[in-house]
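Novice: Take a look at the letters that make up each chain.
Protein chains: 4
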Amino acid sequence: MALSCPDGEQTAQLTFFGLFALQHRGQEAAGIAVADGKRARLYKDAGLVTRVFTPKRLAPLVGYHAIGHTRYSTTGSSAARNAQPFLVETMHGPLALAHNGNLVNAAELRTELLGRGFGLTATSDTEVLALMLAAASGRSWEDRLERTMPAWKGAYSLVLLGADRVVAVRDPWGFRPLSVGRLPDGGHAVASETCALRTLGCTEVREVAPGEIVTLHGHEVTSRQALTPAGRGARCSFEFVYFSRPDSEWDGSSVHAVRQRLGEELARECPAVADVVIPVPDSSIPAAIGYARESGIAFNDGLIKNRYIGRTFIEPTQHLRERRVAMKFNALSANLAGKRVVVIDDSLVRGTTAGPLVTLIREAGASEVHLRITCPPIAHPCHMGVDMGTYDELIAHRLSIEELRVHIGCDSLAFLSLDAMMRAIGRADGYCNACFTGHYPIEVGDVAEKGAFEGVLA
Amino acid sequence: MALSCPDGEQTAQLTFFGLFALQHRGQEAAGIAVADGKRARLYKDAGLVTRVFTPKRLAPLVGYHAIGHTRYSTTGSSAARNAQPFLVETMHGPLALAHNGNLVNAAELRTELLGRGFGLTATSDTEVLALMLAAASGRSWEDRLERTMPAWKGAYSLVLLGADRVVAVRDPWGFRPLSVGRLPDGGHAVASETCALRTLGCTEVREVAPGEIVTLHGHEVTSRQALTPAGRGARCSFEFVYFSRPDSEWDGSSVHAVRQRLGEELARECPAVADVVIPVPDSSIPAAIGYARESGIAFNDGLIKNRYIGRTFIEPTQHLRERRVAMKFNALSANLAGKRVVVIDDSLVRGTTAGPLVTLIREAGASEVHLRITCPPIAHPCHMGVDMGTYDELIAHRLSIEELRVHIGCDSLAFLSLDAMMRAIGRADGYCNACFTGHYPIEVGDVAEKGAFEGVLA
Amino acid sequence: MALSCPDGEQTAQLTFFGLFALQHRGQEAAGIAVADGKRARLYKDAGLVTRVFTPKRLAPLVGYHAIGHTRYSTTGSSAARNAQPFLVETMHGPLALAHNGNLVNAAELRTELLGRGFGLTATSDTEVLALMLAAASGRSWEDRLERTMPAWKGAYSLVLLGADRVVAVRDPWGFRPLSVGRLPDGGHAVASETCALRTLGCTEVREVAPGEIVTLHGHEVTSRQALTPAGRGARCSFEFVYFSRPDSEWDGSSVHAVRQRLGEELARECPAVADVVIPVPDSSIPAAIGYARESGIAFNDGLIKNRYIGRTFIEPTQHLRERRVAMKFNALSANLAGKRVVVIDDSLVRGTTAGPLVTLIREAGASEVHLRITCPPIAHPCHMGVDMGTYDELIAHRLSIEELRVHIGCDSLAFLSLDAMMRAIGRADGYCNACFTGHYPIEVGDVAEKGAFEGVLA
Amino acid sequence: MALSCPDGEQTAQLTFFGLFALQHRGQEAAGIAVADGKRARLYKDAGLVTRVFTPKRLAPLVGYHAIGHTRYSTTGSSAARNAQPFLVETMHGPLALAHNGNLVNAAELRTELLGRGFGLTATSDTEVLALMLAAASGRSWEDRLERTMPAWKGAYSLVLLGADRVVAVRDPWGFRPLSVGRLPDGGHAVASETCALRTLGCTEVREVAPGEIVTLHGHEVTSRQALTPAGRGARCSFEFVYFSRPDSEWDGSSVHAVRQRLGEELARECPAVADVVIPVPDSSIPAAIGYARESGIAFNDGLIKNRYIGRTFIEPTQHLRERRVAMKFNALSANLAGKRVVVIDDSLVRGTTAGPLVTLIREAGASEVHLRITCPPIAHPCHMGVDMGTYDELIAHRLSIEELRVHIGCDSLAFLSLDAMMRAIGRADGYCNACFTGHYPIEVGDVAEKGAFEGVLA
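Residue numbers (our numbering), protein chains in the order written: chain A, 1042 to 1499; chain B, 1042 to 1499; chain C, 1042 to 1499; chain D, 1042 to 1499.
Chain A extracted, bound-state conformation:
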């Protein structure tokens, strides 16, 4: 999230509201950095956007240019130490960076920086990106980006704050989304998802192209194509399946519309004889509507989700642990009793929730439970910025579909095929489907297992 607007009064607040719309992309930490043409200021902390920023903390963040970030929960690292933006003073003035994605050669780059005598304070990629830029030559941040980007292998949709501008850049594969729009009161904004731009009332929304550098400077927007896009691109299909908000658009398609088409394709490819189609709320609702529409089976709610999804520190005792899923979901027996039920879920990653959900649905009286998944089995880790877990944690890496069905306890289980998924997305290629296929668009080498790189800062 970033913006530049001629009215410095509301810069930080607009950034705050933009981040609020992107909260689903990261709940671990939040931060905003602003620049006033000369100096930069930063506030960041662990927690949700609304907890981190109070009026008192937002007030000093005065400036024309701002970047913000919500940090995605990742295991084994300090939330506070790795919170973003990352702000440094450089010979070129202040530099703040916020980054969505993951570099597959981060360990190498890190080793290289250390070898050049740098000291690293964090374990995140973002510091590596920032220090490489700090040390780069070139007359402007755009020049320095252009010279440094060839060394970066992996997914990076990043926003950069200099003293007098915001620069947004996307890797040449285009793994993660990034869009730019025009603010209603002047100035421009950049965000991972268009839902945040819409929240701010932006018009003229367009995607930042893979390999493109976009500069925001108040009323002006300029652009250069720093790197040639890598082939047809490698957009993350999982953004459509699960990660993005349904009210975002990407690659010319509405996420919600794609999810409905995923449901339609699923109905065609994996039909079921049933009385009702229910979603696992909230992410699978559009697909369930699509499945119902295409199959002619009635759509209805079957599971109710507790809206108060904040973390609790109270660990269930043994008695309650068996019913942990009941903390989050209740089944509606009025809609399920005596019925053959198709349950639509977006994906199966670690496979811990599906089994208890099926049990809940059966306890509510369903006579048959048919689980349908709107993407293929996820059998390979993501190295491009989604924390899906290691091979050991991915259940589809360990079990066959029939074994999965038995494990989950449903009457039938089916996954959408890769082809059908791509049909729903509306593209034949140009996407990264490595988590389904194991074919990574970039060689991932030694980092094939998460955690292969171990730093010395605990």
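Everything labelled a hint here was simulated from the structure, so no lab data went into it. No false leads were mixed into what you were given.
Note: identical chains are not told apart, hence a pair may lie in one copy or across any two.
Under the rule of at most 25 Å between Cα atoms (straight-line distance), these lysine to any residue pairs were calculated in the SDA-like manner:
#, residue 1, residue 2
1, Lys1369, Pro1322
2, Lys1346, Asp1323
3, Lys1079, Gly1156
4, Lys1369, Pro1096
5, Lys1346, Val1366
6, Lys1194, Thr1152
7, Lys1346, Glu1245
8, Lys1079, Leu1150
9, Lys1369, Asp1086
10, Lys1097, Arg1365
11, Lys1346, Gln1068
Since chain A is already given, all that's left is putting chains B, C and D on it; use the hints.
Specialist: Just chains B, C and D now, with coordinates in the frame of chain A:
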């Protein structure tokens, strides 16, 4: 929320999880009191259940009997001072009380207590109830309740904690819900809604009858009918329309099923020529499904709600104030553009959201917007425990339906009739519909306007 | 602490600064209540005055009249539940009370209130006092006090806040101090110690007499003698020995001057052949100066105290536990090595610190250590508001002076006699010396051991 | 503060208690870093040591080697961003640094680092030191220190944490103190002041020499003389006058003993005809004892200090602002009334307290007030780590002694001469007296005024 279980180890934790399922009934404060046969302990504070209770705060709450409460947000009073349960030492031992509802004669009872020389530390009804019970004679809490209840006019579903038991009681009108069930590992629980009992795995769930006193004491449940039910009863129909969770059941009906029937009735009574039916998420989803099913118009999502609904202390600037609803909702143009849209909303209370929502939907390209409401206009304040606002605040008290339509800016506006609403609920009478009709089941006298009673504690 | 001033703007702030000067009288909790002629407001919480009150929390406390309190740490009770002031609504309007002291018949009064049907929310005496006043008849708080005071047996220096006034009252024995003065900008203030009145710049400072009721109402002060003083009075001599700040005055004497005279008396009564006199800082400094002056032995520092005396939650490991006193004190070998040292300490209560201090002093090279105590052995519990511990905890109850000397490990040990202590105070009688003599001015009956009364609220 | 001990269990706790004894050297922030032979962990935050460290925060800090820091309050910089230790990963493994002092060439070194492409996250010298070491070559931290130290101009007593050791080093001038000792249970510790080593029970305490590098590695201590001491050295005389705790020793002298001699010299050089000598507590107590002893005038307390010196966020209103000093001190009229008073204060820096104190003393009845200062007028800023303020803020830079006397309102005012001060310290030279004389041991150039260097991070 209350429970009594022979295994004292998990009493507080079960209560916590029950309260978590009831969080939607009150977000202002939370508390739990426990008793171990001799002494009582209490912890309560302002905030959500998950913020108030950490392992450290839950740990000392050891006992066999517990009551808990989530406090509904009401204006003009101190959250901390009025948090519940309310715990006192009495000549009969410890007494804690948690209460859902509102007494219409609270001011009178308060004056009476003061006149008898009592000092009151809070401004809530709960203290009044507790001190009246403390001063009552009778051999047991059940006896004292039976003798005191005739003086209480209004809505009260309350749970009482004594040294060695939990007692649950419902007013003879039965305004607010209250149910009891059997815990899977022994013991019993009482909760305002069955969704909490289901979360805890309860079986043998039944409603506490209007005027009934139910005692939980470990494995035992006993009951007495303290007061004759008041006529056919006066259940709150707004629980079905909006307040209860859809996975709860009440008066023999599933809330979700009633909401679907409200949609069906609405489709019959207030049809529209349209291309798509969309809900205002989340409460109107079942009704929109019902409307779509009955009308034959396709159901789809049209508005996406930000799931991170926690309070923010950041006030939007002027620029953003105009777009405040955009913080909460985005419209899906893919599903709305060029379409005639039926929007289903559960109710119109203060009328601040409907207009901006209609604007959002139009901006997303809808050619027509038809707003359909699943209950009649709310033109009268509630004195039975729902904070709907005063006559001045209720928009339907001030404007005719056509004036409302113009105010909101939709192409057509229609409300479900009282008869149709009652058909959806499945009862001809036995409900309080005072907020629609102004016919209060109890004379409300001087308290007809909220805030008429002014204490001396600020 | 209480005040009434015609300028309502600074009432709460003046109270805050007064409490800050009284912080040594209680570190557990702090609170302020204000009244504006009609309504009363309260804020209180556990913690030091400067932690409890931020500008945000002080701001709403607007009014002409205020009372405040710092709560003394007592074991076994909830700091939050028993924090003061205690505020209730009564038939006579708002009533807030803050209380220093202890009623010996609290349990009886409590039982009586419960028997009359009252519910008690706290375990402190203050609620008992407040509810008795709430229920009392009489045209004014002063009348009601006058009628109720005869029932109160024990120590109470209390301040009362009504809608339009502050009332201060002291028990007829005069156990605990209480003084009144005139504020420099108009209005008057009452405080336990004159140091707080001096901090606020008060003039015309005088003691509230035992049994006297003083009313502050802006520019006016009125007084009535509600109860005849009990004989010659029973002032607490321990206030002079230890509890009061040295810059306070009481019973016509400067606390600092009395402490110097205690040192002089001690030098005469318990001489020592030595090279240096050192105090245990800070409370024994004046007495050590007096001892040195009278004995002709040089005064010097021998122990340095860490000024950062805030609580730590870090428990020392075994290694450090043996040196716990080292966290608080270091010995100055430059002033002690090879010397015969007289150590002046104010009192010996539980006897846990004296031994380690003597060890520290020996380790610093002292050739002899002679411990001199400025009061007699404390062999009996206090029931008048000082938490000295039970008989079991009082080391002088268990050991003879010679046993004490061996336990502490000093070369000689001597206590000032009661007569000499009273000479230093300058009075022959009129003081409570029960902790030294066991002769309680009021029959203490069953409460002879602390904790004899057990409530049902944990 | 640093230590290395073979028992890793108590490393962090010992460091905590050591820091607690050094709290007077910095109240703004506190931190501890530990290393276990391989990895390093850090926790730091703004606040006092006892607030920053709870058992929960100390528990993860497990390792054999530790360094800790309390940060001195300096204006205009972010407490959180500049808290210490500063921890980085380097090509040589983890490196943490904590630093007491100030580099006069920090801006130059900073510019040099930026020019080499480094990015700086903080505005403190410590990061500069750390990054220079990270980039240095050499086989060990000791080697790298030896090669880097020649570039550092100014005051630095620093402790360094590597994966398997603690290294302590002191600049060749020896501006700030640093000592090393042997822990009672094995291992060694280093601290700015010996009071912390005494608190931990250390024996074999000795000073780290100017230019010396000391390595602690469990049971072993090794040392090398990295730089030749600069001439006779430039110890800070203000440590003796004010900064150090009286129970510390430095340069072979007890701080307390030096302060008493300062008082004795002052009595000889600046006598007064008076009845009583009083200190401004607490720092001037030893000097006042010395003055009294030498002059034959009686020593006594005249001012009582409020022991609860924690920060308050409540700003006094106008009425109270005039009496701000009354929040901190009360005068004892019993000891002052009608007397000619000598007041001993350690130093006059900004001159804001002396005047109000003299007023307090006069209000308490003193007939004459003679102010005596235990060091010469401070007329020049310190660039070696003590925040004395700028030339504009130093009152002795602006006013003559007679002007000062009038400003303060005392009857006479006298300062100890430099020669007499050095006699009390017991050395003819080897000390930095730049704040008195303006003769800086190192050229201070452009940084002659604080804040001359302005970074771009706000």
